[in-house]
Amino acid sequence: MVFGVVFVALWEAAVRGFDLKPYFLAAPSKIAEQFVKNASRILEAASVSGTNALVGLIVGTIFGIVMSFILSRFGFLNQLITPLAIALNAIPIFVLVAVLNNMYSITSEIPRRFMVTLVVYFIVLVNVAKGLTQVRSTHVEIMRSYAASEIEILRKVRVPNAVPYLFTALKIAAPASVITAFVSEYFGGSQNGLGSRITSNIANSKNAAAWAYVLGACLLGLLFYIISIVLENVASRGGVANNTNNNNKNK
Amino acid sequence: MSAVNVQGASKIFNQGTPKQVDALVDVNLTVEPGEFVSLIGPSGCGKSTLLRLIANLLEPTTGEITVNSKTASQSRLDQDYGMAFQQAGLFDWRTVAKNIELPLELKGWDKAKRAARAKEMLELVKLPEFADMYPWQLSGGMQQRIAIARALAAHPPLLLMDEPFGALDEMTREYMQGELLRICSETKTTVVFVTHSIPEAVYLSNRVVVMSPRPGRITEVINVSLGSNRTEDTRGADEFFKGITAVREALRGTHDDHANAGAVRGVEDR
Chain A
1 MVFGVVFVAL WEAAVRGFDL KPYFLAAPSK IAEQFVKNAS RILEAASVSG
51 TNALVGLIVG TIFGIVMSFI LSRFGFLNQL ITPLAIALNA IPIFVLVAVL
101 NNMYSITSEI PRRFMVTLVV YFIVLVNVAK GLTQVRSTHV EIMRSYAASE
151 IEILRKVRVP NAVPYLFTAL KIAAPASVIT AFVSEYFGGS QNGLGSRITS
201 NIANSKNAAA WAYVLGACLL GLLFYIISIV LENVASRGGV ANNTNNNNKN
251 K
Chain B
1001 MSAVNVQGAS KIFNQGTPKQ VDALVDVNLT VEPGEFVSLI GPSGCGKSTL
1051 LRLIANLLEP TTGEITVNSK TASQSRLDQD YGMAFQQAGL FDWRTVAKNI
1101 ELPLELKGWD KAKRAARAKE MLELVKLPEF ADMYPWQLSG GMQQRIAIAR
1151 ALAAHPPLLL MDEPFGALDE MTREYMQGEL LRICSETKTT VVFVTHSIPE
1201 AVYLSNRVVV MSPRPGRITE VINVSLGSNR TEDTRGADEF FKGITAVREA
1251 LRGTHDDHAN AGAVRGVEDR
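Chains as they are written, first to last, in the working numbering: chain A, 1 to 251; chain B, 1001 to 1270.
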């Protein structure tokens, strides 16, 4: 907190002291001015990017969870699909947006949402699948000694074990979904989101305005992260996510 | 009717491959109801394998195993035994009481009946005030007592334990041994107990089964005549030291037979 205040003060001082031109680096005071002036437009752009991120986050999470259940149930599928998933994750999938933009109409938000879905899907899939499969062998032996069926082991051991992994995934995926939504806007399509506003303002040398949109983007990313943490706290109050702090101790 | 009856049981892992391991060969063991029997021996002697055969967590390659005069698999399905491991294996996302209720849930008991039994079991292990806490808030010894309470929650006639006190410090361990004897005599439970510790085996058991490795088999069965009322004073009794000496010599025998210096490694003298 103190560091942040000092940093902004130094920034302001540097811009004024060295008389830096606005097209090189805008002063925080100018950025704040632009932020207030354009508040309604920033909010509008943020809601466009935010909606894309949110839709992708929800759809990606659902698909990721469903797929992780299927993969953990059928080991052979896991061996078939995991290398494919890793290979797919290694290519810079952002370029897909350009292709998808050609497939759909130019004003469609679907390519951007699809991109967010894809990114979130991998993060959730990898983590939740880990949570479902990496259960303590003692737990499985105990369940078997009680003559528990595979379904009961899934419900009472694997799923609760995977819950903290899901929240870890969401904490990574929530900010990533926002970033993906911005970057997807760089590849054409409607100029209505935060990402495209940043590029167009920079193109017009309106640096302070561009920075104001960057600030909006930061706040949006932060909001998504906070929501993921609040969700985790709500869940752990029910006792389900408590074992994150204890997993290492027992191993 | 014997509590456990093992007739000519063998367990061979990876049979017919270069990695073949004769974990157990031609084992015969009978445990009477109410008896406390320890399995002791160096690492690799198959004592944990034998316990898992009785529990039906593994199938024997050859031989017959009956528990309460039923096949081992039938008695597992009927939850005729409870099991405890070196790691307490409690579920961190369940409260202590809910952990104890787990086997009862799987048996389909209703909520009120489960809660009443969990309360009864917590009284038995003397931890009634911890019902609503989570396992990670408890010490290692307390966690192990909860694990025993869970294993006995359905009142099974047989308790199978795989080095349950192996991860505890010496003081806690001796306390737990006393508690286990008290609990078993109160509930009249038959116990098969795997351990690395000679004094632990002698202090707890009516009979100590000494095993040897490569291939895993029973070499000697030693009767411990300490009577049924064992206290802390028992640890200073002549009979206790006689028992320890007898088990130690039996374990040495497994050593000399094989001229293998590493064979008794893993057995604690303390």
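If you are wondering where the hints come from, they were derived from the structure by calculation, not from laboratory data.
These numbers were taken from a predicted model, which means no experiment stands behind them.
Errors might be hidden in some of the hints.
Which chain A residues stay away from chain B? Per the calculated CB distances, all over 12 angstroms, these [stated by the list, open to error]: (1) V36; (2) R41; (3) I81; (4) N101; (5) M103; (6) H139; (7) V140; (8) M143; (9) V159; (10) P160.
Beta-carbon label-pair distances, calculated as ranges [to be verified]: (11) A235(A) with S1225(B): 54 to 62 angstroms; (12) I229(A) with E1105(B): 44 to 52 angstroms; (13) S1185(B) with L80(A): 49 to 57 angstroms; (14) V99(A) with W1136(B): 33 to 41 angstroms; (15) Q1137(B) with E44(A): 32 to 40 angstroms; (16) E1035(B) with A235(A): 25 to 33 angstroms; (17) I70(A) with Q1015(B): 31 to 39 angstroms; (18) E1249(B) with T82(A): 52 to 60 angstroms.
Listed below are the simulated EDC-like cross-link pairs for lysine to aspartate or glutamate, each with C-alpha atoms no more than 20 angstroms apart in a straight line [stated by the list, open to error]: (19) K1111(B) with E141(A); (20) K1107(B) with E152(A); (21) K1098(B) with E141(A); (22) K1070(B) with E1032(B); (23) K1107(B) with E150(A).
Positions of the beta carbon are idealized from the N, C-alpha and C atoms, including for glycine.
task: Please work out if K1107(B) and E152(A) have their alpha carbons no farther apart than 20 angstroms.
output: Distance ~11 angstroms between K1107(B) and E152(A) Cα, so the pair holds.
task: Confirm or reject the statement that V140(A) sits farther than 12 angstroms, beta carbon to beta carbon, from all of chain B.
output: About 10 angstroms separates V140(A) from the closest Cβ of chain B, which leaves it inside 12 angstroms; violated.
- request: Measure nothing beyond the straight line between the CA atoms of K1107(B) and E150(A); if it is 20 angstroms or shorter, mark the hint as holding.
  value: 15 angstroms, holds
query: Does the claim that H139(A) lies off the interface hold, with its Cβ farther than 12 angstroms from every Cβ of chain B?
result: With a cut-off of 12 angstroms, H139(A) comes too close to chain B, as the shortest Cβ separation is near 6 angstroms.
message: Can you confirm whether the C-alpha distance between K1111(B) and E141(A) stays at or below 20 angstroms?
response: 25 angstroms, violated
- request: Determine whether the Cβ-Cβ distance between A235(A) and S1225(B) falls within the hinted range of 54 to 62 angstroms.
  value: 56 angstroms, holds
task: Beyond 12 angstroms from every chain B Cβ: check whether that's true for N101(A).
output: Label holds. Min Cβ-Cβ 45 angstroms, cutoff 12 angstroms.
message: The hint says 25 to 33 angstroms between E1035(B) and A235(A); measuring C-beta to C-beta, is that right?
response: Hint violated: Cβ distance 47 angstroms, outside 25 to 33 angstroms.
- prompt: Taking the CB of E1249(B) and the CB of T82(A), does the distance hold inside 52 to 60 angstroms?
  reply: Given a distance of about 55 angstroms, which is inside 52 to 60 angstroms, the answer is holds.
Q1137(B) versus E44(A) beta-carbon gap, inside 32 to 40 angstroms or not: 49 angstroms, violated
field: Interface-negative label, M103(A) against chain B, beta-carbon threshold 12 angstroms
entry: 44 angstroms, holds
task: With 12 angstroms as the threshold, tell me whether P160(A) passes as away from chain B on beta-carbon distances.
output: Answer for P160(A): violated, closest chain B Cβ roughly 5 angstroms.
Hint violations for this structure: numbers 6, 7, 8, 9, 10, 12, 14, 15, 16, 19, all remaining hints satisfied.
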